[in-house]
Amino acid sequence: MSLSRRQLLHLATASTLAFKRPSAAHAQGYPTRSVRLVVGTPPGTSPDTIARLFGQWLSERLGQPFVIENRPGAGMNVATETVVRAPADGYTLLLSSLSNAINATLYPKLNFNFLHDIEPVAFVGDNAFLMAVTPSLPVKTVREFIAYAKANPGKINMASGGNGSAPHVFGELFKQMAGVDLVHVPYRSSFYPDLFSGRVQVAFIAVAGSLALVKAGKIRALAVTTAKRSDVLPNLPAIDEFVAGYQASAWLGIGAPKNTPAAVIATLNSGINAIVSNADAKSRLAALGIEPQSMTPAEFGKFCADETDKWAKVVTNAGIKAD
Numbered sequence: 501m502s503l504s505r506r507q508l509l510h511l512a513t514a515s516t517l518a519f520k521r522p523s524a525a526h527a528q529g530y531p532t533r534s535v536r537l538v539v540g541t542p543p544g545t546s547p548d549t550i551a552r553l554f555g556q557w558l559s560e561r562l563g564q565p566f567v568i569e570n571r572p573g574a575g576m577n578v579a580t581e582t583v584v585r586a587p588a589d590g591y592t593l594l595l596s597s598l599s600n601a602i603n604a605t606l607y608p609k610l611n612f613n614f615l616h617d618i619e620p621v622a623f624v625g626d627n628a629f630l631m632a633v634t635p636s637l638p639v640k641t642v643r644e645f646i647a648y649a650k651a652n653p654g655k656i657n658m659a660s661g662g663n664g665s666a667p668h669v670f671g672e673l674f675k676q677m678a679g680v681d682l683v684h685v686p687y688r689s690s691f692y693p694d695l696f697s698g699r700v701q702v703a704f705i706a707v708a709g710s711l712a713l714v715k716a717g718k719i720r721a722l723a724v725t726t727a728k729r730s731d732v733l734p735n736l737p738a739i740d741e742f743v744a745g746y747q748a749s750a751w752l753g754i755g756a757p758k759n760t761p762a763a764v765i766a767t768l769n770s771g772i773n774a775i776v777s778n779a780d781a782k783s784r785l786a787a788l789g790i791e792p793q794s795m796t797p798a799e800f801g802k803f804c805a806d807e808t809d810k811w812a813k814v815v816t817n818a819g820i821k822a823d
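Going by this note's numbering, the first residue of the sequence shown is number 501, and it counts up by one from there.
In case anyone wonders, no lab produced these hints; they're calculated from the structure.
Each pair of labels, with its calculated beta carbon distance range: (1) 676 with 823: 13 to 23 Å; (2) 734 with 643: 14 to 24 Å; (3) 563 with 689: 37 to 47 Å.
DSSO-like cross-link-like pairs, simulated, lysine-lysine; straight-line CA separation at most 30 Å: (4) 675 with 821; (5) 810 with 640; (6) 821 with 650; (7) 810 with 821; (8) 715 with 675; (9) 675 with 655; (10) 758 with 609; (11) 810 with 655; (12) 802 with 675; (13) 718 with 782; (14) 718 with 640; (15) 675 with 718; (16) 715 with 782; (17) 728 with 813; (18) 609 with 810; (19) 813 with 758; (20) 675 with 650; (21) 758 with 802; (22) 715 with 650; (23) 715 with 728.
Treat the numbers as computed from the prediction; the structure is a model and nothing was measured.
Even for Gly, the Cβ is constructed at its ideal location relative to N, Cα and C.
All chains, please: the whole structure from these sequences, using the hints.
Here it is in structure tokens:
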């Protein structure tokens, strides 16, 4: 999702939080110079905007600049390899994401192993998606959608931003768990016009940036993909309420090169957890569709391993190949 220049300027000017430097000494004075946070998407995208907010907040808290470096390409793999090859000193970090978990299986010949080569630092939050349909489809709930899909196998087109993208794998997980036959239609450009018109009938799309479309009646939201209802849309059910166990989120976190000192990891984890626990930060992240959550490095590491295993099964069962 790309944000408008006005939105970016608003976030940039309103992002200062009342953070104080931790009273405990940093690990060997860390950080003593600027830190780069590598992002695998272009400037102006939702992950980039969130990274820039965290960069500013961490700068305020830890007393050194956190500089965003955009390294888009190969579905986050360029950015990830950049961090894998960087010195393990805490001065190069990765905005890790769901893409890392998917890519571990989607790309069979990567030059790195995400779980082995990236040290988990901290979780940032869940990025909820909507299961949305074209308004002309005669369904208003997930239960009705499943019944309609089973009565019309192979006749419902499911749009995505490409093979292995979040909208694609979220849809494939739904297909497998609900037992429905949907036809995947990957797009290299926006699929929204075709979703509005009914040329494709369903898509899994990020909450941020889509609420206005729902309010305008251009799409109909059936449910959110997260395990529980979103705080932004408390009246919209979760898919889990109809398909038990369904959960999907375009989560974000922070990683570092393998063997980064534990004390540096602890300093960063403490700072990030303080941010995601801050009421003002929570509000601003919620406006971007992010529901923040604190985790220890060990908890985030287990989360990454579980996500990698989960999406490996979806990618393999659906026979998904990288574009």
